Amino acid sequence: MFRNLPFRKKVLLLLFSSIAGCVIFTTSVTVFFTEKSTQGVIDDMLFSVAYGAHNLVGDDYHDRIEDEFSISPEEFELKRSALHEFANEVKVKEVYSYIIYNNELRWTSGSLSTDTFFIAYQGDREKMKKIYFTPIEENRIVFNSYEDAYGAVRSVFVPFTTDAGTRYVVGADYDYEEVKSELTGIAIGFILFGLFILIVSFIIAFILTNKMSAPIKKLVEFSKEMVDNDYNLTEYDQNYLKEFSLKYKDEIGILSGSFLYLQNSIKHYVQDLKKTTAAKESLESQLRIANAIQMGMLPKEVDGFCDHNEFAICGFMKPAKEVGGDLYNYFMIDDEHLGFTIGDVSDKGIPAALFMSMTNTLIKSIALTGITPAEVLYRVNNELCKGNEQSMFVTLFFAKLNINTGHVEYANAGHNPFILLDKHKQAYQKLYPGIVLAAFEDVQFKNEEITLSPGDTLLMYTDGVTEAMNSQQKLFGEERLLQIFNSDVNVSVSIMVQSVIQGLDAYVEGFEQSDDITVLALRYH
Amino acid sequence: MKVAIQTKNNIVYITIQGSIDSNTAGELQSRIMEELVSLNRVIMDLTNVGFLSSAGLRVLLMLYRQLNSNGGKMLLVNVSEEICDIMSMTGFINFFELYSSIEEAEKKFKLT
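Here the protein sequences come in this chain order: A and B.
Here the numbering used here is used: the first residue of the first sequence is 4, the next is one more, and so on.
Here the numbering used here is used: the first residue of the second sequence is 55, the next is one more, and so on.
Careful, some of the hints might be misleading.
Stated by the list, open to error - The calculated lysine-lysine pairs, modelled on DSS-like cross-linking and capped at a C-alpha distance of 30 Å, are:
1) B:K127 - A:K449
2) B:K56 - B:K162
3) A:K220 - A:K12
4) A:K96 - A:K130
5) A:K245 - A:K221
6) B:K56 - A:K477
7) A:K227 - A:K245
8) A:K324 - B:K56
9) A:K389 - B:K127
Calculated directly from the structure, the hints in this document are not laboratory data.
Keep in mind that this is a model prediction, so the values were computed, not measured.
In isolation and in its complexed conformation, chain A is listed as follows (with noise of 0.2 Å):
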């Protein structure tokens, strides 16, 4: 409850409880206090004045009593008067004395008109016995407070024993009403000067704290307003929030002062951020125009090779990311002889990609001039290491098919090796394994061959393919791709390439690609 207070009213709620307990704590200690003084200055005066009506009625007074006719009405009505005049003298209410004869109370003198001798007590009995007898009981002295019909008294009552062994006990009333009176008084006096102070106060700190919370409502106004225009603040804000911050020396100032520093700080980063986000979506857009590119490169099934029935061929590439750094490619070198190729760049992305398109370009064009695979790839090597500052590397496989023979002829950059599935089994191709390129100036590859029966299958891939990863971070592996292929070898090659492709799918169960994929393959009719 307290907690969803604004501020303003949780500081008058404290300060109106705070006095309040303040005014309530002084008025009861302050009663308490003066009721205890005033209290032993009349018991010491109710003592006194016990013992001046002790002197009054007189020890023979009581040696003479031995029942209701020892004292004459005119002796009773002589000290009665006496003891009354006393009484008015040093204003007590009443004073009396009274024995105990056969264990009953009896008055034996008093001030009061009404008294009479050796009337016996009439009250209850047992407030008689706990009050009236103690003092002779015990011989002690006993004061008593009570409040009756006629109000609150308190009272003495001093034993006394004469010569002759008379006891009897002589007692003083004073009228309490008047000291409880005077205690309320001092109370209501107390109550309303703490109520005064309180509206005093109250008023004081309506109006301060109404001061004071002003800034923060402008504060908070202001922040609304500045969510509300895009984290932007008027000029006229701004200087506000500047006056503020030289004005108050205070919290407010320094919460003013931030608050500009921050409004500021959003605004820049929003301004920053749109910036980014622009620059990203163009980026982004940019991207998948460099992934059309990219894949526009790379041959189709159906660019040309149709009218081929010596061959089918067929290639896919999967970048990690928009581009890769893989390359497949395939092309006519003359009527008689197809090459084809596979590489993989270092790394991935941007630069990845930049690198494979120029490999790749590289690859056809010198490849075309009818040369020898290893002279191919020597040449391109040696092109790719000019101004290679980066350090970036291909591996690369590249191979010409006479499509009249079947025999083909190769030469290895570092690649994995490719899968030959004939009749009889599907095994890794051992390659003497070269050097990539672009990495070292010079270095001569070597020429290897096979050739192929119809109805033989070469299956290339890159390593994204056997290094792709589940979410246990186990690999797929050679054996695993050896083993999709362990079913049927007949089918058509785009349909083996594509169970690659699912194979992986199936095993990575959607973890995220972390390099890129190429699988490609070709069979000899």
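Based on the hints, put chain B in the right spot on chain A.
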């Protein structure tokens, strides 16, 4: 990946811990390029490198070529079998010099 580079007796020791892949290769490259001016004789300790991707190989190649062009040398120490296989397959093994301990690599520098 953690990289520690220190120089003793004119030899720069680069100690790498962790995988060098496409995520960490950039950091390794910038750390090495910072020191490049002072690099001449380099011993690279790969004892605690479990994985070296092609991006990592690229950084090694870059350092190798830089050192080669100014007459320096880079010796690799304690290359794991897997990394050795990768270097064989890509032909880097023909150019990089591999040693089984730092002492052996130091001996090589003392002889030249």
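Against the structure, the hints come out as follows:
Of the pairs offered as hints, the one joining K127 of chain B and K449 of chain A holds, with about 28 Å between alpha carbons and a cut-off of 30 Å not exceeded. This hinted pair checks out: K56 of chain B and K162 of chain B have alpha carbons roughly 26 Å apart, not beyond 30 Å. The suggested pairing of K220 of chain A with K12 of chain A holds, with an alpha-carbon distance near 14 Å, which does not exceed 30 Å. For the suggested pair K96 of chain A and K130 of chain A, the alpha carbons sit about 20 Å apart, so the restraint of at most 30 Å is met.
This hinted pair checks out: K245 of chain A and K221 of chain A have alpha carbons roughly 13 Å apart, not beyond 30 Å. Proximity of K56 of chain B to K477 of chain A is assessed by CA-CA distance (about 23 Å); at most 30 Å being required, the pair is judged to hold. Using a Cα cut-off of 30 Å, the hinted pair K227 of chain A and K245 of chain A holds, with the two alpha carbons roughly 18 Å apart. This hinted pair checks out: K324 of chain A and K56 of chain B have alpha carbons roughly 26 Å apart, not beyond 30 Å.
Annotation: proposed proximity of K389 of chain A to K127 of chain B holds, straight-line Cα distance about 21 Å (limit 30 Å).
Against the hints set out earlier in the document, no violation occurs for any number.
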